[in-house]
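> Those protein sequence lines, which keep their order, are chains A and B. When we follow full-length UniProt numbering, the leftmost residue of the first sequence carries the number 1, and every step to the right adds one. When we follow full-length UniProt numbering, the leftmost residue of the second sequence carries the number 1, and every step to the right adds one.
Where hints are given, some of them may not hold.
Identical copies carry no separate label here, and so any pair may be met within one copy or between two of them.
Said to hold, decoys possible - Here are the computed lysine-lysine pairs in the BS3-like style, where the Cα-Cα straight-line distance is at most 25 Å:
#1 Lys40 x Lys284
#2 Lys284 x Lys273
#3 Lys295 x Lys273
#4 Lys40 x Lys341
Source of the hints: derived by calculation from the structure; they are not laboratory data.
Protein chains: 2
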Amino acid sequence: MKKNILIIGAGGVAQVVAHKCAQNNDVLGDIHIASRTLAKCEAIVASVHEKKALKADGRIEAHALDAMDVEATTALIERTGARIVINVGSAFLNMSVLSACLATGAAYIDTAIHEDPRKICETPPWYANYEWKRRGECEQAGVTAILGAGFDPGMVNAYAKLAHDEYFDSIESVDIIDINAGSHGRYFATNFDPEINFREFTGQVWSWQDGKWASNRMFEVGREWDLPVVGKQKAYLTGHDEVHSLSQILKVPNVRFWMGFGDHYINVFTVLKNLGLLSEQPVKTAEGLEVVPLKVVKAVLPDPGSLAPDYTGKTCIGDLVRGVKDGKEREVFIYNVADHKEAFQEVGSQGISYTAGVPAVAAAMLVASGEWDLGKMANVEELPPRPFLALLNRIGLPTRIREGEIDRELSFS
Amino acid sequence: MKKNILIIGAGGVAQVVAHKCAQNNDVLGDIHIASRTLAKCEAIVASVHEKKALKADGRIEAHALDAMDVEATTALIERTGARIVINVGSAFLNMSVLSACLATGAAYIDTAIHEDPRKICETPPWYANYEWKRRGECEQAGVTAILGAGFDPGMVNAYAKLAHDEYFDSIESVDIIDINAGSHGRYFATNFDPEINFREFTGQVWSWQDGKWASNRMFEVGREWDLPVVGKQKAYLTGHDEVHSLSQILKVPNVRFWMGFGDHYINVFTVLKNLGLLSEQPVKTAEGLEVVPLKVVKAVLPDPGSLAPDYTGKTCIGDLVRGVKDGKEREVFIYNVADHKEAFQEVGSQGISYTAGVPAVAAAMLVASGEWDLGKMANVEELPPRPFLALLNRIGLPTRIREGEIDRELSFS
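Chain A with its partners taken away, still in its complex shape (with noise of 0.2 Å):
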């Protein structure tokens, strides 16, 4: 039974990971949040108590810590008697955490890959080309590595682990749809840091088609689709963490992401693309100033935390999976509404980071609980579904389904 939580990072998704540990810190233990930025963890702390998030009497602490420093961070680990940590940090950071978490046994979670801050869009095979070379290192260490606990990757492979367990005898097909139809009320402004979610967008974009990768320009594939709550919306094939782990462990021949985008957000980041304006690159000024453009844009655009209290409107994200079961062809949809004004009022940050903060949490509770604790690497659809769908029902993402006319609540108990 591990106990005790070190929360890596002070944005939008901390700020969810923290309270949601809070409310269950009779599980966990200790709360510790750790990023550069001391007077962010400690903001994150205030909003805890100011909330009276935390369910059992206990401890939640703010520290400075440069997570890229492994010495620092193992250092920081055995200080805090963590055993769960949970990394919500930069996608630059995840293979400088998880060697603290080889260094002391920690069990390690994320919610995205690692990226290599010099690269834009890396190529496919994402998770082979850094996580995975590390699996045979966490399975020597008996560590625990789970990676991806967010909601997508995170709760879309559950979903489709959950059909290939139980709704399906072969699938041709997972689409995962993520669909955002909040609205923030500003001119426009990204969900999470710009430079992030810029970089995914500005390479080519891989899916995986009949067993094999194929390559497409960002915008270039778009298709309408029919969702429940948010109704008809636009989406554009993206390339995805998920893409790779649930093609290559689930063995399915067509795995697609696709991400919704209105009109009015790809007019602006096409113009912006276009000018060269969200390039990592530096430029010089007349003056002889060198700049980062990308720096710039990320500058002038709305702190997204800053949306967060404004934020309406509900997300809707899910998998459609289709293949045969009993020799008949089936489809089903299996997906979360999320709502970002509840978010806002439970744990202060907006829908995005709700969405993908919550599952992390989901994910240490099985580790402490020892359910999901295997002592090496895994991706979820690698781990029992059941468990962990049961306990986001319960603490805030339910899980529905839609088949043909019927869409219903999931439940495992």
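Start from chain A and add chain B according to the hints.
This is chain B only, laid out in the frame that chain A set:
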């Protein structure tokens, strides 16, 4: 008889001015080009030699000069013996260059109103904000200062004066229409310094309607015009220097300026403006670097000078004048059509620079000959238009007139 020219500035317009001066150096004498960057002046000198543009034997020389420094400019005028200064540098320099002319007795010619770098879109009366305050000084010193002697302002002022003198008993309205129907083949570029270009459009739009100033937002009032050669083109009400001088000097009740913009230009402009990327107020990046967003936009956009070799198509700029003649309503369109490619072949700049630079040289030739050497400050519409337009017919910008079904070249001999 004044001789010897000092050109201030070394951009696209200065290039045109230098070539045209060289083509007429039998009248104008020595040519000196001065700007902060000596290399840019030297490049212009080299291009004049390369085209063998000098009509008669004579000097053309490059000088390094900060024209904000009145003493340095005064010294350069004295050292070179220049009696006519053509200021086609930044709009921030007008008042200091004028001071140097007053100190030396040299004639002053510019092509745009003075601007304070700290103010965006100053409110009218524009000329009365800076230039006209110094009318008395010029008259006392007997210094000729010709304001706004480019195309617009410049030729369009002469067109209005010609209409006033020869085509109408009373003028109801002057609509100045500026269409660039050319194509540079890039995703987006401005035709002159992006910093100055965008500054024109980020504030309010002022026009003179029914004998008073009226204010609109940029791109609020658009109208499709059917023009010679370039056909149907959409243009938008825009603030412009000559709206002020024409309304005051010719006492016309309606003076409006219409600038042509394609939907694509407006879209890019709108995105950049709404995001705050056209701001001249510094922002701070996450890394703590202070940057002026507009200067970064300028750094990523193509250098306007680099567009010239690939520029194709035509400009059409003119005055649509409505009023009464002999008791009957009358409407004439007096205009010029210029060609980007021909301009580049002749002087190495595109058509926008060509139309701005050639009239300034015509003004200098009329000062040299004495016809426009009034010994005081004047806007173009205060000067006889016929010698100016006759000269421009001959040196590259012929004037045409359209009235009803008839469209013909105007001859002034």
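> Determine for every hint whether it applies to the structure shown.
Outcome of the hint check:
1. In this assembly of identical chains, the alpha carbons of lysine 40 and lysine 284 lie at most 25 Å apart only when taken from different copies (18 Å versus 32 Å within one copy).
2. Proximity of lysine 284 to lysine 273 under the C-alpha cut-off of 25 Å is found in both arrangements, the shortest distances being 18 Å within a copy and 21 Å between copies.
3. When the C-alpha separation of lysine 295 and lysine 273 is checked against a cutoff of 25 Å, the pair qualifies both within a copy, at 13 Å, and between copies, at 17 Å.
4. With identical chains, the CA atoms of lysine 40 and lysine 341 are at most 25 Å apart within one copy only, with a shortest distance of 22 Å there and 58 Å across copies.
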